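Make a model of the complete structure from these sequences and hints.
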Amino acid sequence: MRETETTTLEINGRTREIAAPPNQTLLETLREHGYFEVKSGCEKGDCGACAVLVDGEAVDSCLTLTGTLEGRAITTVAGLKRGEELHPLQAAFVKFGSIQCGYCTPGLIMAAQSLLNETPEPSDEDIRLALSGNLCRCTGYTKVFDAVQEAARVLREEESAS
Amino acid sequence: MFAEFDLVMPSGLDEALDILAEAGGDGGLDVLPLAGGTNLVVDLRARRVSADKLVGLGRIAALRGIERSNGRVAIGAGTTLSDILRDPGMAEAAPSLVESARVFAGQMVRNTATVAGNVCCGSPAADTVPPLLSLDAELTLTGRDGSRVVPLADFFLGYQKDQRRPDELVTKIAWDAPKPNSANLFYKLARRKGDAITVVGIAVTVAAEAGKCTTARIALGAVAPVVKRAREAEAMLEGEALTPELIEVAARQAVEESSPIDDVRASADYRRHSVHALTRRLLTQAWDPATVGG
Amino acid sequence: MTETESWANVNLRQVGRPLARSDAPGKAAGRTRYAGDYTMPNMLHAKVLRSPEASARLRRIDVSKARALPGVACVLTAADLPDRKASTDIPGQTGKKKLATDQQVLVKERVRYHGEPLALVAAETQTIAERAAELIDFELEPLPGVYDPFEAMKPGAPIVTAPDNVVGQHKVRKGDIAKGFAEADEIIENTFRTQFIEHAFLEPEVGLAWVDENDVINIRVATQVIEHFRPIAEAVGVPHNKVRILGALVGGGFGGKEDVTVEIYLALLAQATGRPVRLAYTREDSMFGHGKRHPFVITHRTGFTNDGRITAVKVTITADSGAYVFLSPYVLLYATVAAPGPYRVDNVHVDAVAAATNNMFTSAFRGFGAAQACVAHEAQMDEAAKALGIDRMELRRRNFLRTGDKLVTGHPIESAVWSDECMIKAWEALGERTPDAGPVKVGRGVATYQQSYGRITWLHDTSEAWVGVEVDGSVVVRSGVTDIGAGQVSALGQIAAELLGVGLDDVTIYNSDSAVTPLAGTTTATRGLYMTGNAVRLAAEAIRGRFLARAAREFGVEPGEVDLAESKAFLVDRPDTSMAFKDLVALCASEGVHRSELVMFRAPFTGQIDPETGQGRVHPDYAYGAHAVEVAVDTETGEVTVLKSVGAHDVGQAINPDAVAGQIEGGAAMGQGYALSEELCYEEGRLTTPSFSEYLIPTAMDVPRYQSIILESRSGLGPFGAKGIGEPALTPVAPAIANAVADAIGVRVFDLPITPEKIVMALRRAEAAE
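Protein chains in written order, with our numbering: chain A, 8 to 169; chain B, 513 to 806; chain C, 764 to 1533.
It is possible that some hints are incorrect.
Quick look at which bits of chain C chain A covers, simulated, 3 or more residues with Cβ under 8 Å [unchecked claim]:
(1) 774-788
(2) 956-965
(3) 1005-1015
(4) 1239-1252
Quick caveat, the hints were computed from the structure, so don't treat them as lab data. Model, not experiment: these values are computed from the prediction. Where a beta carbon is used, it is the ideal one built from N, C-alpha and C, also for glycine.
Written out as structure tokens, the structure is:
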């Protein structure tokens, strides 16, 4: 067993000192610390269920070594919530019936958020490209596309209102 | 079960090179550079790869960034696939590379994986390599004792063997942006459209002047132990007008220069068929007057 | 895009509305705990050691180094287990084991498939468990294996399942097949092959077990069937009441979590250590950890008159059962019943057989044999249409079953058969035809189907549910049903809310705990809504009746004049005369009116069919519908793009149209993968595609926007006339795509998946033949 190193991470807005061996992935770290909303589906970057944001950009947490992330900000799907309110992406996924078994949902929402951070007015093709690393076996993606478009619209309206 | 290793995250290039230089030799430490890690972490988990120490490159600011001057494009080794897609000038500076980045894995991997890492992983199916070969890209290899520039076309020595010494890093990839009256295209053939390993990947460059082809590049991915150029097919085209007949002959020659295998994704026979079909298609598209100015 | 067509006009307030599902907000917010998200103090982590060989003898296994590793709590091999077997419990409700489905828990001597478990480890950490598994020293002597069902049935073949590798056989002898073919003007015969496929649910198998102070083995597990507590108890040697299965919301099932997966291993380790044990499969474990869809070889011989009437159908089906029996005989039966398709055929002859091999075992998968049958019968219809010069849809229309017609088993179909209506709607929704573009040829295809809903009638299926109203007017539903993602639980809430006149938010549903929720049977066979929906309906109706009677007394009218809606009781003719639901409930509570009801719903019970003729009743009822697609085929590379894909299904009554549309869209994607890209490859029984980088399910870049069209005949046996949609959504998709590809390129690929390579080779053969 190699030396455990301490890494400082900001997780969902809270700064945490994380002790982890050098071969620990962010997925393992997050689940070990109770962030169960981050799902494990393949542990090799094929399915996207474990996607989280690192400084606003979606990554597969199963492919990311925790020790490489000193000082970075991590957001999980639970960290998107605005107090008691669902984030517009979460609300749209609920409204459009885009969730079935829900196991891929946290990863899909984070990948979609990463897209909208850069592309506030995405085309269907943009959405397809942004979500192609997130496997979903239940929905056929159609209602997911609807939800991302709706959330993008809501977020744009919020942006122009502020 | 994960391999065990130490991890260091230097903030400067010199520091990284010093650590790499400690490696090697008899009884020396086995030290590997860690870029995006999207391949390496999977290999370490499966223990196909082992290392005493990983040198993470993520904090080295000098390796990030894209530069363009006098028609020359240079990307730092930390440039991710998403950086390529985000860069507004890249569609002109490397159309084939942009296309390969678009169909590269999924978003999360594109946000993490680097172009240099994709080149160094040595896979014959690496998607960025045919485009970079079609652009005559050069790699800068840097060690503690200095840098050397190696054409990508000379970089690969065999299956998962290349010219990088264990104490060196690829620090830069550079190429000349395509000239006017030229076309640079890439096509990835796979078993599905999103996030799939390439069955055949082909990039071509065609430059024309006065109705004749002045430069031809045909790079073949996933059909030989390394990504390679079909040099004899290229030679058939240069100096000629690309008639359908000549394109057909060159496409057949490209097949001769491939040496595919059967695997779970496709048979060698289908790969040869596809090299022919796609080379013909891409050369025909490239020779379109609208593209090369015929 | 969803379109709903409703033929009747019923005053429903909750049922039939696209409400946000009750489970959705928790899942969106990341608050939902799946089975793998539970931990306990002092918990151990488990690992299964699997055989790298498909056919071998275990000569020696030495676990001493593994046991000696610090942090290892327990290592179990067959030598540590009493001589008990695991079996497939059919049916869950009665515990009667109808078939020789016994299998060893761990390999004692004979390895029968790649991945068969050799040993179990439990340790303080996952890493230690994995390291210990690697320290187990074993020697396997390779034995001759058999990897093809036809080879397995030849004399002298290695025996995987005694006595002769035949694990299931069904026959249909209806009418006079010789006469039928003699009357035919055209006979079409083809052989179709389907592949092994993987359910590819995103949540790998996972569970957590502990033994409590009453010696009950508690197992919280991702499963479709909590009633596996019976075979689990028998495998570990305790009474049925000493195993409790707690479900959780399940991260996808599709039939892959229908059999026991991690439960017995967990129970054994928890028993042996006295500590909580968690076992989470990796994706690779999952590829080895549950049965796959059966590969079929189907030879279909169909006779037609010149005017397109089917005179006879002769079908031969050979299925690869893999190394153990599991549900193979039943999958084969469904295929047998579905073999001729949704058509009236008087002369039918079916011979179906499932044979054991040293391939991965096969079992339940959405569509359950009927999906494979559909691949064949729908290709036959298109090939016949071509040969006869009759429009593909017209040919189908001339042969569709009508209500009252006899099925292949001789039993009449009693509900609506809206095959034609669905086919027309699906086809029309394709809209304008996309033009060809150079080497890219566009084609269209349609497929119709017959898919049962509800379990086999001689399994005597039942489902129980409890509905109660709290004193404050909030509603509780208790049901053992598992929710595998289709909204099974939310639909029950909608039904209770409808009948009690409250909102879905007013209902809390407790589900899938074998100790405290009434046993509802399995979430399989498109039976959840039909069975448990009816149980909840009956329970809620009973309470509703008592409440209406009490309210009527209060209003001084007859109960029939009162209705419940919007959390009020009111007069149907004078809605202003009303009382709040919670006041009515409080009144009932104070007077001891019974505010809860436990109900058992029973499906039709029959005896078995005649084994020689296949005549009799097999299923409660059937669903009908159609799927239409438009594809573009690149004739140079063989790549297929699905441009449009529309499912139109008569679901009887949609409880939640959004959830129905979700099933149709998800089925469209799964069927697309079945048709085009998915295949588990085995070489001499060894899996060569053990991850999602080799096993390719459709991604967001591979799919069009799917369209769903919901038709409602209100003729089904489910609540409010519902039929079912879980399996029907999938069944016609792959054949529709196969027909569209054939339409585009003029030649047919007879083997799934229709890969680019197979298309190129088929075109090359066609070219050579010209």
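Outcome of the hint check:
Judged by the Cβ-Cβ criterion of 8 Å, the segment 774-788 of chain C is covered by chain A as claimed, because 6 of its residues qualify and three suffice. Counting residues of the segment 956-965 of chain C whose CB lies closer than 8 Å to any CB of chain A gives 4, so the stated coverage by that chain holds, three being the minimum. With 4 residues having a beta carbon nearer than 8 Å to a beta carbon of chain A, the segment 1005-1015 of chain C meets the requirement of three or more and the stated coverage holds. Check result for the segment 1239-1252 of chain C against chain A: holds, 4 residues qualifying (beta carbon to beta carbon below 8 Å, three or more required).
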